[in-house]
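Peer 1: So the chains spell out like this:
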Amino acid sequence: MYCIHQGTGSMNSNQDKVMTLEEAIARFVTDGCHISIGGFTVNRNPMAAVYEIIRQGRKNLHCYAHSNGTGVDELIGGGCIARIEIAYGGNGKAAPTCIRFKLAVQRGELLVEDYTNYQMALRFLAGAMGVPFLATLSGFGTDIVGKWGFSREMRANHPELPNKKLEIIDNPFDSWGGAAKVVLVPAINPDVTIVHVQKADRHGTCRIEGLNFADIDQVKAARNVIVTCEEIVDTEQLRDKPEYNSIPFIHVDAVVHVPFGAYPTACHNFYDYDPIYLRHISHFAKDEKLYAEYLAKFVHGVEDHHGLLNLVGKGQLDIIAADKKTGYAVGLDRR
Amino acid sequence: MYCIHQGTGSMNSNQDKVMTLEEAIARFVTDGCHISIGGFTVNRNPMAAVYEIIRQGRKNLHCYAHSNGTGVDELIGGGCIARIEIAYGGNGKAAPTCIRFKLAVQRGELLVEDYTNYQMALRFLAGAMGVPFLATLSGFGTDIVGKWGFSREMRANHPELPNKKLEIIDNPFDSWGGAAKVVLVPAINPDVTIVHVQKADRHGTCRIEGLNFADIDQVKAARNVIVTCEEIVDTEQLRDKPEYNSIPFIHVDAVVHVPFGAYPTACHNFYDYDPIYLRHISHFAKDEKLYAEYLAKFVHGVEDHHGLLNLVGKGQLDIIAADKKTGYAVGLDRR
Amino acid sequence: MGYTLQEMMTIMAAREIHNGDIVFCGTGISMVAAMAAKHINAPDSIIFFETGPIDPRLEEIPMAVADPRVMYGAASNGGLLEAFATMQNRKTGRRVIGILGAAQVDRYGNLNSTCIGEYAQPEIRFPGSGGACDVASFVPRYLIFIQHEKRKFPVRLDYLTSPGYLDGPGAREREGLLPGGPTAVITNLGVMHFDDDTKETYLAFYYPGVTPRDILDNMEFSVDVSRAAEAAPPTEVELTILRERVDPHKLIL
Amino acid sequence: MGYTLQEMMTIMAAREIHNGDIVFCGTGISMVAAMAAKHINAPDSIIFFETGPIDPRLEEIPMAVADPRVMYGAASNGGLLEAFATMQNRKTGRRVIGILGAAQVDRYGNLNSTCIGEYAQPEIRFPGSGGACDVASFVPRYLIFIQHEKRKFPVRLDYLTSPGYLDGPGAREREGLLPGGPTAVITNLGVMHFDDDTKETYLAFYYPGVTPRDILDNMEFSVDVSRAAEAAPPTEVELTILRERVDPHKLIL
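Protein chains in written order, with my numbering: chain E, 1 to 335; chain H, 336 to 670; chain Z, 671 to 923; chain S, 924 to 1176.
A couple of the hints might just be wrong.
[To be verified] With a straight-line cut-off of 30 Å between C-alpha atoms, the simulated BS3-like cross-links for lysine-lysine are:
#, chain 1, residue 1, chain 2, residue 2
1, E, Lys325, S, Lys1173
2, H, Lys649, E, Lys241
3, E, Lys325, H, Lys659
4, S, Lys1173, E, Lys93
5, E, Lys314, H, Lys576
6, Z, Lys920, H, Lys428
7, H, Lys516, E, Lys164
8, H, Lys649, H, Lys632
9, E, Lys324, S, Lys1173
10, E, Lys241, H, Lys576
11, H, Lys649, H, Lys659
12, H, Lys394, H, Lys621
13, Z, Lys822, H, Lys621
14, H, Lys660, E, Lys325
15, H, Lys428, H, Lys632
16, S, Lys1075, E, Lys297
17, E, Lys241, H, Lys428
18, Z, Lys920, H, Lys659
19, S, Lys1173, E, Lys314
20, E, Lys93, S, Lys1075
21, E, Lys325, H, Lys576
22, E, Lys147, H, Lys576
23, E, Lys181, H, Lys482
24, Z, Lys822, H, Lys482
25, H, Lys428, Z, Lys820
[To be verified] Partner residues are not named here, just some residues of chain H that face chain E (Cβ under 8 Å, in silico):
#, residue
26, Trp483
27, Glu495
28, Asn498
29, Asp509
30, Glu578
In short, the hints are calculated from the structure, not lab data.
Only a predicted model underlies this, so the values are computations on that prediction, with no experimental measurement involved.
Glycine included, C-beta positions come from ideal geometry on N, C-alpha and C.
Working from the sequences, and respecting the hints, build out all of it.
Peer 2: If you want it as structure tokens, here you go:
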């Protein structure tokens, strides 16, 4: 099933795209739609949006992930995801293998298609570029090539999926580039991509500080894009140095102002990841009953992200506040 | 013929790569080698390096260009280039078709292989990525596909060239991505790439201001890289905002400090292009005798780029000085 | 208010640009047309260039797509890859209108900007595709700017640089091109559109003071003129904006 | 000076890193090893991560490759594409040494980090490749970090995530892989190298206090121990740097 809500007039340079998170999720994330989120493991996951998706009870999502640890694992735990194409379901020290991901796969509740991180990044790039595939030299000789999570039959019945997981072809330029063969990986064009950035203007132009991970291509590959941000800034401020902007407004459909929108993951120059809260999630995630209690209290039990931050408390948020020079919380106790 | 001077130890983070332009050109640009230069038409061409190559009398270069107008046309005029793969030989108002390029092609003195701008950019990207080709949907139905400047026979005899100009294949993923077929273009890995940037440190980390054109991939695709720069800055200054840096030092072999190194083309935030000097070149370029006189006086007749700037005069350089806010010379007479 | 044919041509192109379009611009008169549209009839159109800037402020008219004036005040400054991906991309690309010039155009809107004569050693060499073939391949609609002279409208191109409708209906699809093609050929004498069925050019407008005969006399191939009407001349507002705000120093017009 | 087996393992890896190497790092102990090498024997080595930073300052030890601590003071901060292209790139990639962990390793250095049991519904699911398969495919040499336990050294992997020497000599080339492969398996008991001819692991070093027998007892397959020697224990300097400068808060070791 395709769920396309082509953003209307998202091309206008003066269109104000600011809306509430509730509205953005309701509008662009629908049951069964194909979704990708930005960030990487413990950094700049769009967590406020993830929790809002769980609160709104979205089901049967098809998720495209490279290593978007925390966000993807909570979406799985929240019961939102039916199928996932992924490179890495781990989350640093808090969860060497993402706990809800691991349990869901072992129980056969989550259909998985495995790729490498580079392959997933290339697949988003192909989608952003508007080409059907890109080439890489990784995968040869491995089960990533041979074992498919989505069978040929399933793919044939799902026109929203490519007909093959990947394809190896002989190099049409002989051994040019030192390669006799290449692995081709198919493009991804998610129905919706959600990223959390430090700064955006009301039209959707974004400036990402620190690493961009695969966010830029995830955005450009998508049919609809929700940007959550720490700060909404004047357009003039961003246009003063256009070469430092990561995403021009033409790709964006919704801009949502959510301070601490990546919490409990980090947002460079704003706050660090919260080692205590990440451990807290891991603790609950290991047990069904505990995790249900956790969801009830910390996700469904709060009105919105601000509600979660109130539960966490200002004291803890102060502890993870980023140092101006380094962009992280210097000396933070991360044991 | 391959001329590889693998940069020794260019990987060391503390290696000082600063040298004179004379030394850098002598070391990395040899007769017959495969070269690409950065910039686009009237902007940020590494002109000081171009003139030094002409002064050192390099011959039979194989050049890879997208739309590097001024620099490439001077290299052709200077008699340095035997073969060129190019998307566009034009140079804005001063020369709708680059004059020395046009004359050389019409006389059969320059072997040309035509691509599109995107195809050339993709070819550099493929080289930078280490894959043998990339795919695009442009070229179908055109003579760019059908007419080859370098024949199959010539390609077979030149292992440093791909066996084909390009190749059209059926999309192995059926119509995935809305494409039944794709055009594959082969990677480029120049022996040497030369770019001119605003700021570099002594190890080669660069920050490009304004548009980067295809410079970053041209650099990463190359076996050897010469960076000329307006300013050599402290490493600490660049590392304060790593996300704004364009090229990390690991790709760079030589760093040369050349103020006005892109003159008479523009260098955003430093100076504008010089409409008078560009017209002056065009005037001389149209006639063999005049152009010989021009080369004798303005290229061979000066010791180095500083010598050329002296001929031009400080008054003219002041006129094209960039305005701090806009990055160009506001109100410059460009008729 | 008097006006030149170049001005008329520019205004005719500007009128083809809709509010909200993303406009791909080359150098020269196409840039003037795009800027005129933004100032006159399509204030929310977005101009971008193959060099990479999206929606630059354009306080002075750029003389080349790599002019530093295209960098100032943009939403983003990338490079060639970003620019062409924006066109090939299915979300943004479908909103792009291109404006292309050429040395020759044929009856199907195919363009030659490469050479006259044998490719290997031509009589006249032009700059080549640049991004033109990419634009013509990727975007759903584009305008062609060209001076009306016989040699510029040949029966057969010496080199097909950028695809129009190739050899007629269905040809783009057969070759593998995305849906799209040229929508108008705008010259110093009139405007030609493309027939929905045959994909051949026909005369849609001739400028005041120009006859369909004048136009046919300046082409190697003939076109249907039965649907032609006289174009409305530029309005005073259009001319004033063009002269005072877009190109006040007459750098291009 | 006493030391733990984890410390020994880290120092053995650090010793494999040469000055001027570009070191690809994962999380955990591999990061400690790379940082130790930079502080001890390879001051001009360059650390980078799959998330995109090149040569970050690493004033505090990162707990993940996306930890904001990997961003501070780098030469550049790109993204995944830049990181992997740096490895696949023929100039920079040929200088890279990777350090990989895994759930299982076989006699040819192939790695499993995906699952135990049937792929569709495994008994144990691990995180998956991440960038490991890419690293193992692109770079000329890499180290494998793994704890010495029988189930981690199986005769046959349940899932081959990252290529070592596949099924022996010539197999990488036949499959299409770039020249390269693992150079050492570093465990908490010893270090195995790969035979030039057979591409099979053999025991090169056992740690002081460990016997080759101990090692064989902790593997499903057996390896040649005839070339094994006792490893030199960590020096006082090595241990001091490791403890005081690299991981002073014992976040990893």
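Peer 1: A separate judgement is required for each hint: does it hold in the structure or not?
Peer 2: Hint check results:
Among the hinted pairs, E:Lys325 with S:Lys1173 is consistent with the structure: their alpha-carbon atoms are about 24 Å apart, no more than 30 Å. For the hint linking H:Lys649 to E:Lys241, the alpha-carbon distance of about 29 Å falls within 30 Å, and the restraint holds. A distance of roughly 26 Å separates the Cα atoms of E:Lys325 and H:Lys659; the hinted pair therefore holds under the 30 Å criterion. For the hint linking S:Lys1173 to E:Lys93, the alpha-carbon distance of about 13 Å falls within 30 Å, and the restraint holds.
Between the alpha carbons of E:Lys314 and H:Lys576 the distance comes to roughly 29 Å, so the proposed pair stays at or under 30 Å and holds. Restraint check for Z:Lys920 and H:Lys428: the C-alpha separation of about 13 Å stays at or below 30 Å, so the hint holds. Simply put, H:Lys516 and E:Lys164 have alpha-carbon atoms about 16 Å apart, close enough for the 30 Å limit, and the pair holds. For the given pair, H:Lys649 sits about 18 Å from H:Lys632 by alpha-carbon distance, which is consistent with the 30 Å threshold.
With a C-alpha separation of about 26 Å, the suggested pair E:Lys324 and S:Lys1173 falls inside the 30 Å cut-off, and the hint holds. The suggested pairing of E:Lys241 with H:Lys576 holds, with an alpha-carbon distance near 13 Å, which does not exceed 30 Å. Taken as a hint, the H:Lys649 and H:Lys659 pair is honoured in the structure, with Cα atoms around 19 Å apart against an allowance of 30 Å. Between H:Lys394 and H:Lys621 the alpha-carbon distance is near 22 Å, which keeps this suggested pair within the 30 Å criterion.
Restraint check for Z:Lys822 and H:Lys621: the C-alpha separation of about 24 Å stays at or below 30 Å, so the hint holds. Taking the CA atoms of H:Lys660 and E:Lys325, the gap is about 26 Å. The hint holds against a cut of 30 Å. For the proposed pair H:Lys428 and H:Lys632, the alpha carbon gap of about 24 Å is at most 30 Å, so the pair holds. A hinted pair counts as satisfied when its Cα atoms are at most 30 Å apart, and S:Lys1075 with E:Lys297 does not qualify at roughly 39 Å.
Taking the CA atoms of E:Lys241 and H:Lys428, the gap is near 27 Å; set against the 30 Å cutoff, the hint holds. This hinted pair checks out: Z:Lys920 and H:Lys659 have alpha carbons roughly 26 Å apart, not beyond 30 Å. The suggested pairing of S:Lys1173 with E:Lys314 holds, with an alpha-carbon distance near 28 Å, which does not exceed 30 Å. Pair hint E:Lys93 plus S:Lys1075 holds up; C-alpha atoms about 20 Å apart against a cutoff of 30 Å.
Note on E:Lys325 and H:Lys576: the hinted pairing holds, with a Cα-Cα distance of about 10 Å set against a maximum of 30 Å. In summary, the hint linking E:Lys147 to H:Lys576 is not supported, as the alpha carbons are separated by about 42 Å, beyond the 30 Å threshold. Among the hinted pairs, E:Lys181 with H:Lys482 is consistent with the structure: their alpha-carbon atoms are about 27 Å apart, no more than 30 Å. The straight-line distance between the Cα atoms of Z:Lys822 and H:Lys482 is roughly 21 Å, inside the 30 Å bound, and the hint therefore holds.
Using a Cα cut-off of 30 Å, the hinted pair H:Lys428 and Z:Lys820 holds, with the two alpha carbons roughly 24 Å apart. Of the supplied interface hints, the one on H:Trp483 is violated, with its beta-carbon coming no nearer than about 14 Å to a beta-carbon of chain E, more than 8 Å. Because the beta carbon of H:Glu495 sits about 10 Å from the nearest beta carbon in chain E, more than 8 Å, this interface hint is broken. Because the closest C-beta pair between H:Asn498 and chain E is about 5 Å apart, less than 8 Å, the hint holds.
Below 8 Å, beta-carbon pairs count as interface contacts, and H:Asp509 has one with chain E at about 5 Å; its hint therefore holds. For H:Glu578, the interface hint holds, since its Cβ comes within 8 Å of a Cβ in chain E; the closest pair sits about 6 Å apart.
Taken one by one, the earlier hints fail for this structure at numbers 16, 22, 26 and 27, listed in ascending order.
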